[in-house]
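**Q** Sequence:
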Amino acid sequence: MILIGVCLSAVLLVASFPASAVERTIGDFYTYDFQTEIMGMQVTGDLRYEFEGTDVISLDGTDYAVNVMSISGELSGGVMMVDLVTATVDGTSYETRDGSALVMEEFAFFANSTFGTGQFAQVGTLVEEISSSQSPPLLSGFDPSSTVLGDEWSETVMVRAVNATWLNGALWGDPVWTNQTIQYNVSVDSATDDITTKAGTFECMMITATNGTGDSLVYWWSSEVGSFVRIHTYSEGDSEPGETLELTDYRHEDPVNIILIVTIGGAVLAVSIVIMAVVLMIMRRKAPPPDLYEPQLQLGSPQDEE
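My numbering numbers the first residue of the sequence shown as 48 and each following residue consecutively.
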């Protein structure tokens, strides 16, 4: 469960910045290249976010008109005696239509891997499911129509998340609930940066969000793209990013006042690979299999603990 806690901490650090007056059309999409190193292992892959339609969801007694964005992609990595694992990603993000703030997201990682070789080889199937919400929607102080270079502000956000892991169809441990109140200090750099990715070169506004522990996110927002073209995640005291996300392709009919909700899931995959390695080693010494459960997870309030 410690590993899952590390995984959740990495996921909860990730956020998105709202924008004003979001208008999306069917077919709009953003594709990102993702890279991270965790526990000495490289995890890489591609993540795609695509507009599916609109909806209304309720959270903490408040109704939100939202854009629905599908999440898909593949992430790869390996560790210890586990061969290279490729995990598929499938999920949904819900962003407010008036400001594109992240309200809620639900996603899952599906991975198969072989542990050991020859007659000792064991195949493991891992499913990792995470649901999270932000109340109020995170970083609503950012608006590309009014935010200017040099701006600073702070926000307090309640983040709720639940994480569950299945190995070979069996629920491994109890779902892990996390409730966190996070204080963010947000600052906009005094000058723009020219950022080059596979999608092109863009003039960007650099925005840094730092939490109370000193961990930070640096976002480069482009008015031409109408979204972030690069996101770096830093742990306290580090000069090199632990995670990077860069735009490789996109389509949007109106590239003004639009924002993509980005969730960095590579840490989840990396920790899941470690979990798989540890559990498979335990399984080799363990006789009876655990009870089977269907992988089904709903976002809600924790019953026993925060």
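Check before you lean on any hint, since a few could be wrong.
As the list claims (entries may be wrong) - In silico DMTMM-like pairs for lysine to aspartate or glutamate, Cα to Cα no more than 25 Å straight-line:
1. K245 - E84
2. K245 - D93
3. K245 - D137
4. K245 - D80
5. K245 - E271
6. K245 - D296
7. K245 - D107
8. K245 - E121
9. K245 - E293
10. K245 - E199
None of these hints come from the bench; they were simulated from the model.
Computed from a predicted model, the values in this text were never measured in an experiment.
**Q** Please list, smallest to largest, the hint numbers that this structure does not respect.
**A** Hints 7, 10 contradicted; others consistent.
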